[in-house]
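**Student:** Letter by letter, the chains look like this.
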Amino acid sequence: MSRVRDRNNSAWLLPTDGTRTNHRQRREMRRYAESDEVDVVVVGCGAGGATVIQRLARAGFSVVGFDAGPFWDPDTDWVSDEAGSHDLFWTDPRVISGTDPVPLGANNSGRGVGGSMVHFAGYAPRFHPSDFQTATLDGVGADWPINYEDLEPYYQDMEEELPVAGEHWTWGKPHSYPHRPHPVGGNGEVFQRGAEAMGLTAKVGPVATTNGRFGNRPHCIYRGFCLQGCKVNAKASPLITHIPDALAHGAEIRPDSMVSRIAVDDRTGKATGVHYISDGVEHFQRAGTVVVAGYSIETPRLLLNSRSALFPDGLCNNFDQVGRYLMVQGAAQTSGRFESEIRKYKAPPPEVSCEDFYETDPSKPYKRGFSLQTVAPLPVTWSEHLTAQGHWGADLRRRMTDYVHWASFGTLCELLPQADNRVTLDPQTDQHGLPVANFSYSMCDNDRQLLDAAQTTMEEMLRAAGAAETITIKRFAHLVGGARMADDERHGVVDADCRSFAVPNLYITDGSVLPTQGSANPALTIMAVAARAAEGMIKSAQAQSAQT
Amino acid sequence: MTKSPIPYPRFPGFDVMEQAKHWDQVTRELVESRLQPPDGDSFFSLSERAVAATLCDQLTGQHEDPRIPVVQMIETRLAANRTDGWHHADLPPDRRTWQQSLRNLDADAHEAHGTDFPTCSLDQQAQVLTSIQKTSGLWHGLRADEVWNLWMRYVCAAFYSHPWAWNEIGFPGPAYPRGYKNIGMNRRESFEVGQEHPEQGPVPHQ
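Sequence order for the protein chains is A and B.
Under my numbering, residues 835 to 1382 are what the first sequence spells out, in order.
Under my numbering, residues 14 to 219 are what the second sequence spells out, in order.
Incorrect hints may appear among the rest.
What the hints assert, rightly or not - Here chain A is said to cover these stretches of chain B; the calculated rule only asks that three of the stretch's residues, wherever they fall, bring their Cβ under 8 Å from a Cβ of chain A:
| # | segment |
| --- | --- |
| 1 | 34–41 |
| 2 | 61–73 |
| 3 | 88–100 |
| 4 | 174–180 |
To be verified - Interface residues of chain B toward chain A, partial, derived using beta-carbon atoms under 8 Å:
| # | residue |
| --- | --- |
| 5 | C169 |
| 6 | P187 |
| 7 | Y189 |
| 8 | G192 |
| 9 | M198 |
Simulated from the structure, these hints should not be mistaken for laboratory data.
The beta-carbon is built from N, C-alpha and C at its ideal position, and this holds for glycine as well.
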């Protein structure tokens, strides 16, 4: 029995008969009564929530995890098709504003058990040590109340549990991955060729996709539909990496249940449970501790919608910090035309990365940096690349016939956290009558300079690899921040252990707590932060019970 | 009806539906349903539908039957209010923006050419659209670029989810449970078809 299996048996609890869901486990799942005061309720079953549910259930806590969306079955709910994957995304109404409004939905917002990792590409890099102290090192962004070394053991644990495949990583703090790098397709070959011609380093990975069997999860089959939910069970999402083990340890998952408000006792100032809506009926679940993990839009929205006598401006919002410092990464994608056939739809979109430009370069006018990765838009998404150039009608159709000849790279630029990039409540309401989120986003000068530098580098790489022509689509990716961790309540919403400053039995364990974002895809860091927070909760409960 | 009329034939003989037997059942049924006459709920009024249909024909360059039923696919989406999960603060929600923009489009046709948008000549229709696309700032009180983007998103999501469009661009569609064996530049599966004159590209390079 391997060490990872001792810690998290999820991959061994999945079926071995070619189907993807352990239905018996779900049928026999423990169910708590609403009148029971469970130890913990967790709002959201994505990267942050599911990790906490699994850790706490294993430690003997009674846990109920809520998700607004379904408890997915990859066999029957997911398709190998772009348009048919619409329900994987959070498509309830939301408003976007600011000078650089950020599209949500398919771009960055999941729904259902597994969260956004169900449709993330699969890149699972670590942050660099510098990401935890950008204010001290570069005079921009913020310092975290924890540092890289605090998270490092949790990074290692998560890389084994997902598991992550890739070459030995020489950027940031050097480390290796548990699975070997995957073979690369045409798109990855172009990336490697371009990097080599420019004297840059390219590394295969890191992707949270099995390369070889892992427990009962099979090898990746390179079908290219990673962003549509992995029907193979090869790509990691908490639906298969953490929920099965949580169920085996007595956790309950309550899907299709939209938490509308966190209840707080005005006398004690403590959270008492959550109001939620299921099948149009409002319910209340009592709990000793509430953990919020709804990601950077829904977590602030839930807090702002949870007003009470004690918290007239929204829960934890005494110092007007909720919803602020929300970040997205500048994620322009540049494509190049080759006479050779690339057929980028073959092989997973995430193949090869370069982090040579991740850190601040003193010779440049801007601070912080960007990473470069392969991306592989399927036809509907590829059409957006062409419509972004202004093509339509017969012209668009003709250009689309050239699909198989184009390779595509993407950048992740570290756009800086700014107080006014935030979620507020909009007068518009959703189907439950709850005010929806308005996400306002505007870039600063440093952001624009980074984006220009990254685009230029991608164009140069593609030309160095032999591209005759390049096109770029400007876009954003990922979400973090909105309820950040800080040293005190005047600068953030939660402390270093993800406990809210305002309510002692309320935690936030999703991407909202990140004070900076680096140029790394955030999933692995969100899980590592959540695993660390869960360990803190377990230790503090043990200390408490030792006292009594 | 599995063969599509392709005005831009670069992958001769390629028909993704020949591979449908290799797809998982849920995906196969979904893709096959797109080849049946659309049976979704209606959303547009008669006059809105006529303008929307003409708009979709123009934006996809489909001017004769058989067509990929783009306008019906959009109408089904709007009837179910299946949005992308966001709208700009300065645009109404998608349904209202669609209705409003179709009225505005028809008004532009009347002003420029003295007749309804659908009864304009193809060139006149294209002129009206080109002028909207080139508008910076507001168009009938709405941001022109945001309206154009909304149209293109709905139109392309419908058009490029149809197997005829995949035939046209050489994309073999769903790939589960089979996956791919031959990944890498210039490597094909047995069911992938090569292109005529790959060196030329779809349009002459500048």
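**Student:** Hint by hint, which ones does this structure get wrong, listed from lowest number up?
**Tutor:** No hint contradicted; all consistent.
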